[in-house]
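Trainee: All chains should be built: construct the whole structure from the sequences, respecting the hints.
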Amino acid sequence: MIEEWIRALLSRNGVPNAESLTPEMIHDEIQEIKDTIRNEKLWALGAPTEPAASVHIGNIEAFEEYIEYLESHL
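Numbering-wise, our numbering puts 89 at position 72 of the sequence shown, and it's gapless, one number per residue.
None of these hints come from the bench; they were simulated from the model.
Relax, there's no trap hidden among the hints.
Here are the in silico distance ranges between beta carbons for each label pair:
1) 78 / 25: 18 to 26 Å
2) 30 / 82: 15 to 23 Å
3) 79 / 29: 14 to 22 Å
4) 65 / 91: 33 to 41 Å
5) 88 / 34: 15 to 23 Å
6) 25 / 74: 19 to 27 Å
7) 44 / 66: 35 to 43 Å
8) 60 / 21: 18 to 26 Å
9) 86 / 60: 16 to 24 Å
10) 35 / 78: 17 to 25 Å
11) 64 / 30: 28 to 36 Å
12) 36 / 65: 39 to 47 Å
For lysine to aspartate or glutamate, the following EDC-like pairs were computed, each having C-alpha atoms within a straight-line distance of at most 20 Å:
13) 51 / 82
14) 58 / 46
15) 51 / 41
16) 51 / 85
17) 58 / 78
18) 58 / 82
19) 51 / 88
20) 51 / 21
21) 58 / 81
22) 51 / 81
23) 51 / 20
24) 51 / 78
25) 58 / 85
Every residue, glycine too, gets a C-beta built ideally from N, C-alpha and C.
Mentor: Printed below as a string of structure tokens:
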């Protein structure tokens with residue numbers, strides 16, 4: 018999943034590879050993902066069933082891994 022998100026990030030920023038990402042580009046992406054995590058937490062809290070909440074919790078975990086990846090490239 019992280020590889021897909023990186024490809025999308027590269028495409029949005031018009032750069033050929035991860036080494037071409039600037040710290041500002043990475044920071045902006047991290048901020049956007051943190052906003053997404055906040056939304057996922059709200060959706061998990063409001064989920065009608067435990068399985069539905071689990072989906073959002075899994076998304077949060079994946080996004081947190083993505084942030085760790087991005088932070089390691091700052």
